[in-house]
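Trainee: Below are the chains, spelled out letter by letter.
Protein chains: 2
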Amino acid sequence: MPATVKYLLDEEQIPRSWYNLQADLPEPLAPPLHPGTGEPIGPADLEPLFPMALIEQEVSVERYIDIPDPVRDIYRSWRPSPLYRARGLEAKLDTPARIYYKYEGVSPAGSHKVNTSVPQAFYSKEAGISRIATETGAGQWGSAMSYAAALFDLTVKVYMVKVSFNQKPYRRAMMETFGAECVASPSMDTEAGRAILAATPDTSGSLGIAISEAVEDAVHREDTKYALGSVLNHVLLHQTIIGQEAEVQMEMADDYPDIIVGCTGGGSNFAGIAFPFIGKQLRDGPQVEVIAVEPKACPTLTRGRYAYDFGDTAHLTPMVKMHTLGSSFVPLGFHAGGLRYHGMAPLVSHVQELGLLTPRAYHQLECFEAAVTFARAEGIVPAPEASHAIKGGIDEALRCKQDGRSRSILINLSGHGFFDMQAYTDYFGGKLQDGVYDDNELAMALSGLPSVNQA
Amino acid sequence: MPATVKYLLDEEQIPRSWYNLQADLPEPLAPPLHPGTGEPIGPADLEPLFPMALIEQEVSVERYIDIPDPVRDIYRSWRPSPLYRARGLEAKLDTPARIYYKYEGVSPAGSHKVNTSVPQAFYSKEAGISRIATETGAGQWGSAMSYAAALFDLTVKVYMVKVSFNQKPYRRAMMETFGAECVASPSMDTEAGRAILAATPDTSGSLGIAISEAVEDAVHREDTKYALGSVLNHVLLHQTIIGQEAEVQMEMADDYPDIIVGCTGGGSNFAGIAFPFIGKQLRDGPQVEVIAVEPKACPTLTRGRYAYDFGDTAHLTPMVKMHTLGSSFVPLGFHAGGLRYHGMAPLVSHVQELGLLTPRAYHQLECFEAAVTFARAEGIVPAPEASHAIKGGIDEALRCKQDGRSRSILINLSGHGFFDMQAYTDYFGGKLQDGVYDDNELAMALSGLPSVNQA
Chain A
0 MPATVKYLLD
10 EEQIPRSWYN
20 LQADLPEPLA
30 PPLHPGTGEP
40 IGPADLEPLF
50 PMALIEQEVS
60 VERYIDIPDP
70 VRDIYRSWRP
80 SPLYRARGLE
90 AKLDTPARIY
100 YKYEGVSPAG
110 SHKVNTSVPQ
120 AFYSKEAGIS
130 RIATETGAGQ
140 WGSAMSYAAA
150 LFDLTVKVYM
160 VKVSFNQKPY
170 RRAMMETFGA
180 ECVASPSMDT
190 EAGRAILAAT
200 PDTSGSLGIA
210 ISEAVEDAVH
220 REDTKYALGS
230 VLNHVLLHQT
240 IIGQEAEVQM
250 EMADDYPDII
260 VGCTGGGSNF
270 AGIAFPFIGK
280 QLRDGPQVEV
290 IAVEPKACPT
300 LTRGRYAYDF
310 GDTAHLTPMV
320 KMHTLGSSFV
330 PLGFHAGGLR
340 YHGMAPLVSH
350 VQELGLLTPR
360 AYHQLECFEA
370 AVTFARAEGI
380 VPAPEASHAI
390 KGGIDEALRC
400 KQDGRSRSIL
410 INLSGHGFFD
420 MQAYTDYFGG
430 KLQDGVYDDN
440 ELAMALSGLP
450 SVNQA
Chain B
0 MPATVKYLLD
10 EEQIPRSWYN
20 LQADLPEPLA
30 PPLHPGTGEP
40 IGPADLEPLF
50 PMALIEQEVS
60 VERYIDIPDP
70 VRDIYRSWRP
80 SPLYRARGLE
90 AKLDTPARIY
100 YKYEGVSPAG
110 SHKVNTSVPQ
120 AFYSKEAGIS
130 RIATETGAGQ
140 WGSAMSYAAA
150 LFDLTVKVYM
160 VKVSFNQKPY
170 RRAMMETFGA
180 ECVASPSMDT
190 EAGRAILAAT
200 PDTSGSLGIA
210 ISEAVEDAVH
220 REDTKYALGS
230 VLNHVLLHQT
240 IIGQEAEVQM
250 EMADDYPDII
260 VGCTGGGSNF
270 AGIAFPFIGK
280 QLRDGPQVEV
290 IAVEPKACPT
300 LTRGRYAYDF
310 GDTAHLTPMV
320 KMHTLGSSFV
330 PLGFHAGGLR
340 YHGMAPLVSH
350 VQELGLLTPR
360 AYHQLECFEA
370 AVTFARAEGI
380 VPAPEASHAI
390 KGGIDEALRC
400 KQDGRSRSIL
410 INLSGHGFFD
420 MQAYTDYFGG
430 KLQDGVYDDN
440 ELAMALSGLP
450 SVNQA
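Protein chains in written order, with numbering that gives the first Met the number 0: chain A, 0 to 454; chain B, 0 to 454.
Hint data in this document are derived by calculation from the structure and do not stem from the laboratory. Computed from a prediction, not measured in an experiment: that's the story for all the values here.
Given that identical chains are not distinguished, each listed pair holds provided it fits within a single copy or across any two copies.
Dumping the calculated DMTMM-like pairs for lysine to aspartate or glutamate here, alpha-carbon to alpha-carbon at most 25 Å:
id: 1; residue 1: Lys124; residue 2: Glu221
id: 2; residue 1: Lys5; residue 2: Asp152
id: 3; residue 1: Lys91; residue 2: Glu180
id: 4; residue 1: Lys91; residue 2: Asp152
id: 5; residue 1: Lys124; residue 2: Asp93
id: 6; residue 1: Lys91; residue 2: Asp222
id: 7; residue 1: Lys5; residue 2: Asp72
id: 8; residue 1: Lys91; residue 2: Glu125
id: 9; residue 1: Lys279; residue 2: Glu352
id: 10; residue 1: Lys400; residue 2: Asp152
id: 11; residue 1: Lys124; residue 2: Glu89
id: 12; residue 1: Lys5; residue 2: Glu246
id: 13; residue 1: Lys430; residue 2: Glu180
id: 14; residue 1: Lys5; residue 2: Asp65
id: 15; residue 1: Lys91; residue 2: Asp68
id: 16; residue 1: Lys320; residue 2: Asp23
id: 17; residue 1: Lys279; residue 2: Glu26
id: 18; residue 1: Lys91; residue 2: Asp72
Just chain A, same shape as in the assembly (with noise of 0.2 Å):
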């Protein structure tokens, strides 16, 4: 059993500042397009939605953020989260390679969700607003908004996706605990899910039908502001700090990532632990691989198209540029709900169009096996979501046993799986295949995005 080495910092040493990517991108993002007129939006066209410090980071290229002292306060309740040297597993696969993970299951609500989820709270509350809507597919994030906002004393109501809402009721349980009011989507108390109920009662609802729901709430009510847990550029901001605490660690371990793998969803764990790593690439820093992994069953990052896109079902949101497989995608039977949404972050697209990210894809059922190996090896149980990561991780440590390479990988391992052991019994009972989805069902989502893009 080799000795288990854990980087951990000192609470002084939690980051300052976020780290904006957008400040070292040679070619700045394409701006996001009004849903109705086409044209390029600004800061007023999204006050509607997010208080306006937010819509400020959105749009900033300042290298630095301030994080204000209150968040930074309650970072203090699990930051900095520990680096470990995986020496478990090393052994196990009889690597040459140093392999580390970041891990992000040590916070209140169990992922990485909460880093950007506190400082939203906080803006929130400055700005005057006493209510947050937001939607949450699998849960991570919906629980990740209550913690926050009990925290600073705000009503939130989280519209959850309604197979989710049926089949996780602990995670609903978690966000009641917290104060919060859950419903699931679509719902009675939108005219979007009214809607959508009357024209098919008997949908399981969507990410992005819930998206749709939770904006129309936010819009419709003075009190309150929408909150998204991942995609846009203030949220993948928020979440640098991993990646800027990680620096510091493996400066402790006197080493540095030859290989950084993440797993991407919407994009915001893998943009936080990659993008404080690339800008110093861009700033003549260390040349290092980045490799964003994603389910087969939901290939954003592989198989979508780089085009502008609505984030939600019914065309509320801004179109932003992004990898997407349309807004009406739907991948089938697979269980990292965090990794469902047809979309990814801006930010992370237009870091793969550079050149910058090399995506990689895996079936659920090989992650699960590299979470069990993972497990067994460290003593984590890692959320699905995180398995991605962890099997890009492990292939590319197994690479280096090929080559005889000793090179370093560091894997962020966002979340644990504490709320998703239904799929661990369901992967032990061979109850899991490979998620799926219809090519012919691709096609047809991709043939409906905009028309904006063929202008």
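Using the hints provided, position chain B relative to the given structure of chain A.
Mentor: Just chain B, lined up with the frame of chain A:
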């Protein structure tokens, strides 16, 4: 929103030895008795069950017992655990009390149980054992033992109380993820299990039955030892790292506890936080008020008898002198699976007889109410077991408010509630009632105490 205050130690400050309260007791413990002869037993009698190193710890009166380096190395995965000043809770209660909580939920299995499963696995490995048999109620201990066994490449068989096996598949999935075999108890795999199934095929099982099965399993196989997650002296010994760390952390806070509150099932997490402080008091250190909180539905300390009793249903274990409700006692309808045991650790029982602790019993609904208050103030969802300690701490804080006294309260938050969200769902749904037992059943269970008590 008051700022979070966390007292975090350096890894080097993980204690180098466990603290043994037996060294400081004014009167020694009553000896365990042989289940057949009723005569005091010696180390050799325990050898079929435990590795000799643990038997030596069980009977040792040395004050400090060295923690082996490989155990400390694994402790480093999550230790030192944080101590928090509950500023959010203090504000919500508007109390002059200073409330601290030591949080053991940061461990890989989510509770304090791994503090002892790791050394138990280590000493078993050292003794050339390749397999461990154990039981589990709600699954906390089973998953902690499975975690430790995976790290030392040991095989584990867990006999899980049938009602929990069926109701809590997620704890079972966690054990399987770590590579353990988990069967419903009573099982057809042991004589004890077969006998009970023949007599009562529909039984939902009990901890006493599961212990009988695991003990029988271990006694009949050369390669196997038994492991217990609470009650025994060596288990309580391993938990004292909690209190030892808390001592240093309270010093960092420039404070000392006036009151220590822990929940008691078998007694191990309570002993872990309280014994180092009780020992200090016995050695002329500061006085401390120690409160042991138990459920009213299983009131071992407040309604049990201090007498010799068996640890299991089939009466295979030695008899120990403890507060007991009788080995046939069955509490009904309450959700803190870790607090359902009929007996109490002999050391905790002895400490109560010496007047060094005050027992207190609460109903479960008031404990859930306290847990929800805590979650919304501090951002952590407590395990139902730990909610008893929180309820006790809140009551003390409110007493301080009434009296206008600023006292210092230290609570042991032994684990998170991520595997217990069904109980929260039931609580919010109004489906929970206060647990009960029948007075006649209690009298009957107590009348069945072994005859050695009349000797």
